[in-house]
Amino acid sequence: MALTINPAGSGTRTKWLADTGVFFVGVLVGALASAAVLVGAIGLLSLVVPSKWLPVAVLPPAGLAMLRELGLSVPVPYRSRQVPEWWRSVLSTRMVALAYGLVLGFGFATLFTTSAHLVVLLALPFVASPWIVVWTVAIFAAGKTIVLYLGQGTASHADVVARLSLIESASTPRRWARRITGLGASALVLIALLHAGPPG
Amino acid sequence: MNQPAAEATGERLPQPQRSNWSAVIARDSYVLLAGFVVLLALGRAAGMGLATALAIGALLAGWQSSWSP
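Line order of the protein sequences matches chains A and B. In case it helps, our numbering puts the first sequence at residues 1 to 200. In case it helps, our numbering puts the second sequence at residues 1001 to 1069.
Honestly, the hints are just simulated from the structure, not real lab data. Glycine included, C-beta positions come from ideal geometry on N, C-alpha and C. Treat the hints with care, as some may be off.
Beta-carbon label-pair distances, calculated as ranges [stated by the list, open to error]: (1) A:44 with B:1045: 33 to 41 Å; (2) B:1030 with A:46: 35 to 43 Å; (3) B:1045 with A:161: 40 to 48 Å; (4) A:12 with B:1031: 37 to 45 Å.
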């Protein structure tokens, strides 16, 4: 995302900061919409499944996403696609920031690069307080936006590419390290969810 | 042929691939996961186990998924 939202693409530093804020809001709203859909789905499921078994319903999709993260070719409940590239050429940077933020925040229409993303969304309907849902989604949006700091002080796309290539490593050990942390976080959320059970 | 010669002259030999693997994975995941578990234990002690786990998962999910151009 840093290659799309950066000072050179936005025009000025002020506009870049505004585009970054718009992206954050897009992710926030998209993820909240996703949480609302999942709350509705779990609500419908509660009509036929006893409440104490509802958290168990999260396990099949979460398990599939975790197996996919291990590299296995299993079906997953989301599209394995990136955001549409062509939006960059027809929309302004501000609108691209909003549209990408909404789509990436909602998930499901694009791939989940880590199972933790899907597991967190699936666990949100089981949180008793709506404020915890909002805070969780805000933390997710912040985590997704913070990478844009790479654009700080750059004057061209080439500068951002250089920073990305310095910091990001696609080596096999690094990729497995990311997988292990993602799977570990997914497991922690699932353990906490099954231990907590349905909200009282 | 190269390695004994390098040892003889005191040059540093290249690290075996296996230790490189373990070093990267240890730094990037085991330590991080240990931190997650400690945070989760603290959260549970405060009666906020699920909320803490969600905060950890959300931050990691956001951070990892942001590394796409």
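To see whether the hints hold, each was checked on the structure:
1. At roughly 35 Å, the beta-carbon separation of residue 44 of chain A and residue 1045 of chain B lies within the given 33 to 41 Å, and the hint holds.
2. With their beta carbons about 38 Å apart, residue 1030 of chain B and residue 46 of chain A fall inside the hinted range of 35 to 43 Å.
3. For residue 1045 of chain B and residue 161 of chain A, the Cβ-Cβ distance of about 45 Å falls inside the hinted range of 40 to 48 Å, so the restraint holds.
4. Under the hint 37 to 45 Å, the C-beta atoms of residue 12 of chain A and residue 1031 of chain B, about 39 Å apart, fit the expected range.
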